[in-house]
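> Sequence:
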Amino acid sequence: MESTKKNKEHTKRRILRTVERLLVEEGFSALGINRIANETGVAKVLIYRYFGDLEGLINAFVTSEDFWPTRAEIIDLPDDEFFQMALRERIKRVMFNFAAALGKRPETMAILAWEMSGNPTLTRVMEDALGQFANQISESLSHNDKPVHSQLKPMLSVLSAGMIHLGMAYQHHQRFASLRLESPDDWKRVLKAFSTLLDNIPVEQS
1 MESTKKNKEH
11 TKRRILRTVE
21 RLLVEEGFSA
31 LGINRIANET
41 GVAKVLIYRY
51 FGDLEGLINA
61 FVTSEDFWPT
71 RAEIIDLPDD
81 EFFQMALRER
91 IKRVMFNFAA
101 ALGKRPETMA
111 ILAWEMSGNP
121 TLTRVMEDAL
131 GQFANQISES
141 LSHNDKPVHS
151 QLKPMLSVLS
161 AGMIHLGMAY
171 QHHQRFASLR
181 LESPDDWKRV
191 LKAFSTLLDN
201 IPVEQS
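According to UniProt numbering, numbering within the sequence shown proceeds without interruption in unit steps and concludes at 206.
If you are wondering where the hints come from, they were derived from the structure by calculation, not from laboratory data. Just to be clear, a hint being listed does not mean it is correct.
Claimed, not checked - Taking lysine to aspartate or glutamate and the DMTMM-like style, the derived pairs with C-alpha atoms no more than 25 Å apart in a straight line are:
#1 192 - 89
#2 92 - 204
#3 153 - 73
#4 6 - 53
#5 192 - 76
#6 104 - 73
#7 5 - 55
#8 44 - 26
#9 153 - 204
#10 12 - 25
#11 6 - 39
#12 188 - 76
#13 12 - 128
#14 8 - 66
#15 12 - 65
#16 92 - 81
#17 44 - 66
#18 8 - 20
#19 104 - 89
#20 192 - 73
#21 44 - 25
#22 92 - 185
#23 6 - 20
#24 188 - 107
#25 92 - 73
#26 5 - 53
#27 153 - 128
#28 104 - 127
#29 104 - 128
#30 192 - 204
#31 8 - 39
#32 104 - 186
#33 92 - 182
#34 92 - 66
#35 8 - 53
#36 12 - 66
#37 12 - 26
#38 12 - 39
#39 153 - 127
#40 6 - 65
As the structure is a prediction and not an experimental result, all values here were calculated from the model.
Hey, can you work out the whole structure from these sequences and the hints?
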């Protein structure tokens, strides 16, 4: 029984790796149950059994740790220690850990660039999955505090979008405007700018 479970998980990981490779190399148009089954070397009935359909398969991929950081990775502390920190410090920790996590996932940046091409299925699945992630982080930031400022969530969304866009720019041409993103000095400038913004945005209701 244990061996069967391990084989199932191994097969699922192989299928998800195929999804990642096809998305990075060819974009969403390359995805299809038959193509994924052939590329992975598995019967397509297994894909339907494990994931339901193509949309379920995509959802499993975009919610996997390989594609997107988990709450645990972003917080990177036991909850009791994290919640002892001041709200602004929690926000800074989350945002900088988020930036570091994206930097470890170049394939994610490439796939997000494909997603911007506007495929409705990929866009919908990713929006749902990333929205759930954002809600988890938002709940963690406001845990047991007085109400957060009404503009905090949209401001953090804008900053997160900026981080993601810079990550995509780095993967494609390593530049954005006057920034040379391959330069450690310019990355320090970027992180300092984010730190300055996070130090000055309103976080709590007055």
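> Confirm or reject each hint.
Hint check results:
Taking the CA atoms of residue 192 and residue 89, the gap is near 15 Å; set against the 25 Å cutoff, the hint holds. Distance check on the hinted pair: residue 92 and residue 204 sit about 14 Å apart at the alpha-carbon level, within 25 Å; holds. Between the alpha carbons of residue 153 and residue 73 the distance comes to roughly 20 Å, so the proposed pair stays at or under 25 Å and holds. Taken as a hint, the residue 6 and residue 53 pair is honoured in the structure, with Cα atoms around 22 Å apart against an allowance of 25 Å.
With a C-alpha separation of about 21 Å, the suggested pair residue 192 and residue 76 falls inside the 25 Å cut-off, and the hint holds. Restraint check: the Cα-Cα separation between residue 104 and residue 73 comes to about 12 Å, which is no more than 25 Å; the hinted pair holds. For the hint pairing residue 5 with residue 55, the CA-to-CA distance comes to about 23 Å; that is within 25 Å, so the pair holds. At roughly 20 Å between alpha-carbon atoms, residue 44 and residue 26 fall within 25 Å of each other, so this suggested pair holds.
Of the pairs offered as hints, the one joining residue 153 and residue 204 holds, with about 11 Å between alpha carbons and a cut-off of 25 Å not exceeded. Proximity of residue 12 to residue 25 is assessed by CA-CA distance (about 20 Å); at most 25 Å being required, the pair is judged to hold. With a CA separation close to 21 Å, the supplied pair residue 6 and residue 39 stays within the 25 Å bound. For the hint linking residue 188 to residue 76, the alpha-carbon distance of about 22 Å falls within 25 Å, and the restraint holds.
Note on residue 12 and residue 128: the hinted pairing holds, with a Cα-Cα distance of about 22 Å set against a maximum of 25 Å. Taking the CA atoms of residue 8 and residue 66, the gap is about 18 Å. The hint holds against a cut of 25 Å. A threshold of 25 Å between alpha carbons decides the hint, and for residue 12 with residue 65 the separation of about 14 Å falls inside it, so the pair holds. Distance check on the hinted pair: residue 92 and residue 81 sit about 15 Å apart at the alpha-carbon level, within 25 Å; holds.
For a cut-off of 25 Å, the pair hint linking residue 44 to residue 66 stands: about 23 Å separates their Cα positions. Taking the CA atoms of residue 8 and residue 20, the gap is about 19 Å. The hint holds against a cut of 25 Å. The hinted pair formed by residue 104 and residue 89 meets the criterion: a straight-line CA distance of about 23 Å does not exceed 25 Å. Restraint check for residue 192 and residue 73: satisfied, since their Cα atoms lie roughly 22 Å apart, inside the 25 Å limit.
Of the supplied pair hints, the one linking residue 44 and residue 25 holds, its CA atoms being roughly 21 Å apart against a limit of 25 Å. At roughly 20 Å between alpha-carbon atoms, residue 92 and residue 185 fall within 25 Å of each other, so this suggested pair holds. In summary, the hint linking residue 6 to residue 20 is supported, as the alpha carbons are separated by about 21 Å, within the 25 Å threshold. Straight-line distance between C-alpha atoms of residue 188 and residue 107 comes to about 23 Å, which keeps the hinted pair within the 25 Å bound.
Taking the CA atoms of residue 92 and residue 73, the gap is about 14 Å. The hint holds against a cut of 25 Å. Under the criterion of a C-alpha separation no larger than 25 Å, the hint pairing residue 5 with residue 53 is consistent with the structure, at around 21 Å. Distance restraint check for residue 153 and residue 128: the Cα-Cα separation of roughly 17 Å lies within the 25 Å cut-off, and the hinted pair is therefore satisfied. At roughly 21 Å between alpha-carbon atoms, residue 104 and residue 127 fall within 25 Å of each other, so this suggested pair holds.
This hinted pair checks out: residue 104 and residue 128 have alpha carbons roughly 22 Å apart, not beyond 25 Å. A C-alpha spacing of about 22 Å is found between residue 192 and residue 204, which places the hinted pair at or below 25 Å, so the restraint holds. Proximity of residue 8 to residue 39 is assessed by CA-CA distance (about 17 Å); at most 25 Å being required, the pair is judged to hold. For the proposed pair residue 104 and residue 186, the alpha carbon gap of about 18 Å is at most 25 Å, so the pair holds.
Straight-line distance between C-alpha atoms of residue 92 and residue 182 comes to about 23 Å, which keeps the hinted pair within the 25 Å bound. With a CA separation close to 23 Å, the supplied pair residue 92 and residue 66 stays within the 25 Å bound. Between residue 8 and residue 53 the alpha-carbon distance is near 17 Å, which keeps this suggested pair within the 25 Å criterion. Between residue 12 and residue 66, the direct Cα distance comes to roughly 13 Å. Compliance with the 25 Å bound is thereby established for this hinted pair.
At most 25 Å may separate the alpha-carbon atoms for a hinted pair to count; residue 12 and residue 26 meet this at roughly 21 Å. For the suggested pair residue 12 and residue 39, the alpha carbons sit about 13 Å apart, so the restraint of at most 25 Å is met. The straight-line distance between the Cα atoms of residue 153 and residue 127 is roughly 16 Å, inside the 25 Å bound, and the hint therefore holds. For the suggested pair residue 6 and residue 65, the alpha carbons sit about 18 Å apart, so the restraint of at most 25 Å is met.
Checked against the numbered hints above, the structure breaks none of them.
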